[in-house]
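In order, the protein sequences belong to chains A and B.
Per numbering that gives the first Met the number 0, the first sequence starts with residue 0, numbered consecutively.
Per numbering that gives the first Met the number 0, the second sequence starts with residue 0, numbered consecutively.
Certain hints may be false.
Covered stretches of chain A, going by a simulated chain B footprint (3 or more residues, C-beta under 8 angstroms) [as the list claims (entries may be wrong)]: (1) 348-359; (2) 364-370.
Below, simulated DSS-like cross-link-like pairs (lysine-lysine); rule was C-alpha separation at most 30 angstroms, straight line [what the hints assert, rightly or not]: (3) B:K271 / A:K201; (4) B:K271 / A:K371; (5) B:K370 / A:K277; (6) A:K324 / B:K271; (7) A:K404 / B:K271; (8) A:K226 / A:K162; (9) B:K271 / A:K393.
Read the hints as simulated data drawn from the structure, not as lab findings.
All C-beta atoms in this analysis are idealised placements derived from N, C-alpha and C, irrespective of residue type, glycine included.
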Amino acid sequence: MDDTILEMRNITKLFPGVRALNDVTFSVRRGEIHALVGENGAGKSTLMNVLGGVYPHGTYSGQLVFEGAECSFREIHDCERKGIVIIHQELALIPYLSIGENIFLGNERSGGGVIDWDETHRDAARLLELVGLKEGTRTLVKDISVGKQQLVEIAKALGKNVKLLVLDEPTASLNEDDSEHLLRLLVDLKAKGMTSILISHKLNEIVEVADTITIIRDGATIETLCKGRDEIDEDRIIKGMVGRELVDRFPKRTPRIGEVAFEVRDWTAYNPLNPERKAVNGVGIKVRKGEVVGLAGLMGAGRTELAMSIFGRSYGLNVSGQAFKDGRPIELKGIRQTIDQGISYATEDRKTAGLNLIGDIRENITIAALAKVARSSVIDRDREAGVAEEYRAKLNIKSTSIRQKTGNLSGGNQQKVVLSKWIFTAPDVLILDEPTRGIDVGAKYEIYTIINKLADEGKSVIFISSELPEVLGVCDRIYVMNEGRIVGEFERGEATQEGIMKCIMQSVGEGGNGKL
Amino acid sequence: MGSFREFLRNNVRQYAMLIALLCIMLFFQVATEGVLLVPMNVTNLVLQNAYVFILAIGMTLTILTGGNIDLSVGSIVAFVGALAGTFVITMKMSVGAGIALSLLAGLGIGVWQAFWIAYVRLPSFIVTLAGQLVFRGLTVFMLKGLTIGPFPESFQMISSGFVPDLIGGEESELNLLALAAGAAVAALYILAQLRQRVYRRRNGYESTPVPIFAGGLVLVTGVIALASYWLASYRGLPIIFIIIGALIVAYSFFTSRTVPGRYLYAMGGNEKAAQLSGINTNKVLFFAYVNMGVMAAVAGIAVSSRLNASSPLAGQNFELDAIAACFIGGASATGGIGTIVGAIIGALVMGVLNNGMSIMGIGSDIQMVVKGLVLLAAVAFDVLSKRKAR
């Protein structure tokens, strides 16, 4: 059966000075899960914006054929009326409205302009059952997890009689359980005849659920792989995405590990929203000079909470425990004091907590250590520019100049600015929280290289990541965290994905102290 | 040539308001048949708008921290004016002591409001709205609804006095001291610029292209020369002019070149990121509002000196003039963007509009309409040009 639901032919989209899409042809069969992959900036989002009517008909060239009829969408509404719904990475839900209200937002169950609340909630409940979400329809969206919010988005799309569902990075901020549930739901919907397009950086998910994979690179379709016809595995996809064989996804390093540089013992912090609960529970970890230590665990395991409570108590109530640097006990009272003692922390969310997006590269790099480019509080702007240029070159931050606003950089380059900022504080211990989230394969490789270089210089790195292959590829030693406790520890050679997952699963609900 | 064009592109928005100001001045120069730029009128324009300059400097700092405005400054101006009148006229204190106590009161008011805003974290809008009512009420209470005056001559000098011409003497046609001061300022400016250039050359840092550098020197020197000539051909150097000039230089330096100044921008750009970079943002916000209190007190003294009286009605709507000046000058309503010089240009735009329309005999009703539309147009231009740049 070769029933094509969507065909985009010879799509070319120009931006001033850039050919964002170059003669792209993309076709989707009815009832399949079609994955669209490519590095950041390859043109995936642009293509979906053409499909979704964000760029109206006429601003691009080429044809868009949906269910056999040529379409010329002028706005997003036109495209939704035809049954195409795009769920963007940043969810479009209103936090202070209920689930039911959100599901029918813009598509209200009403008669003569008056909303029928009974019908709204009845239909919403039906849709929630369809997506497998056990929540009341009157619960406020702000009170449910991101994973559940994602399901509400899908329910909202189903409420519009969707024929083609487009999901942009749906699992980027979900933990493994929620991701799995979501992917299973996609497969279920497929069985009921739904067609979906899945954009994702998580190649393992794509290999698992996609029937067809289209790879985009530099604004052009490179190839389309079909399950059953072509051999599909992660390395094969990566090769298409980057245009070369990635011999090794992780750069090699010969560790030279020295003395213990930093250690915390019996570290405990309470959840500020729920002061009864320990977010971090009696944790003891140590990191040596020249060592990269991983913190593995599911989302919500308490890794970020641990890191932030160490980093000048920027998280948690009643933080207690002892910290030692080079064997001597130290106090970590405030963020400034912690930075000054040689401990730095790069946050997990670079946009909301890592960068001043309206500030330029130069300002962002120096802000955490301004004293180093100032004399008695007066900034030497030339010295500052020199520092920024140095890091721009050293970390290969692709930008027009050091005066470019960080908000206009790609994710990978933003992350390099964040790293520059913290490396410039000259830390002995650097905690990196999800440093590669949402950035493409090439930029990830560069970040790993930077981490290796830091370790070679004798610095200690604590590496937090939810992607197990990455933790295994980068770290010399791995702590496994769950429910606020350390539940396992692996040396480089003995760690496997299965071993770590087993460790997490066995520890669920154990409570008590984190013994191995 | 490439770098020249890039330089222009990067700085064009910064100069847009300056160009707009020059256009407005040109328009009124023609419309008032040359009265606008008559030396006497230029001097008056500065004297009349002294309070806007002073308040806009303080307001720039609070807006930078995150779009926080201060609605109470008009009332603080009146309250500090009333205090100065009570100290100097009613209690017959010396002028120096009266001014010192008044400034101290401004500091106290700043600390009071800054405490609620920075540490209790009440919205600045609410705290300063409350302040607007409280300090207006206290002013009327203290003055019992009456205007008191006149002030001793030395107090009046602050806003209406001129520096005596020590060089040319009373007889001289042109005020030679004003000319000498202008020359000195221009020389200092050129010297500083050259020193920076040499320093950059020596350390291998990038410096501005030669035509821009030379053009900039000529332009700034020209403006200084023109300004000092204007002042010299009327009555010389107004004392308040020196005060404002010193404040502009000091606060420009503070915001653009010092570590605490940079913290203002960092906080307005992303408060959470600033906190996690080791910046105590409560302290930054606290400082901005304490400073605003002091600046409002300075303006209060300047205004009561100019009125030569303490009036319960002084300072009404001053906060709006200052806020408008900042936004016309390119400050962002969400913080993190804005400069002192921008705010001064904004204040000049408002001042020239006021003054020009008054000379043309346009009523205050129409003046308000025009000023409102100019504010709207300036901010719309800023927002739209940013959207395009993206």
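Quick rundown of the hints versus the structure:
Only when three residues or more bring their CB closer than 8 angstroms to a CB of chain B does the claim for the stretch 348-359 of chain A stand; here the count is 8, and the claim holds. Check on the stretch 364-370 of chain A: 4 of its residues sit with their Cβ under 8 angstroms from a Cβ of chain B, so the three-residue criterion for coverage holds. Taken as a hint, the K271 (chain B) and K201 (chain A) pair is honoured in the structure, with Cα atoms around 29 angstroms apart against an allowance of 30 angstroms. For the hint pairing K271 (chain B) with K371 (chain A), the CA-to-CA distance comes to about 22 angstroms; that is within 30 angstroms, so the pair holds.
For the proposed pair K370 (chain B) and K277 (chain A), the alpha carbon gap of about 57 angstroms is over 30 angstroms, so the pair is violated. Distance check on the hinted pair: K324 (chain A) and K271 (chain B) sit about 27 angstroms apart at the alpha-carbon level, within 30 angstroms; holds. Simply put, K404 (chain A) and K271 (chain B) have alpha-carbon atoms about 18 angstroms apart, close enough for the 30 angstroms limit, and the pair holds. A distance of roughly 22 angstroms separates the Cα atoms of K226 (chain A) and K162 (chain A); the hinted pair therefore holds under the 30 angstroms criterion.
For the suggested pair K271 (chain B) and K393 (chain A), the alpha carbons sit about 27 angstroms apart, so the restraint of at most 30 angstroms is met.
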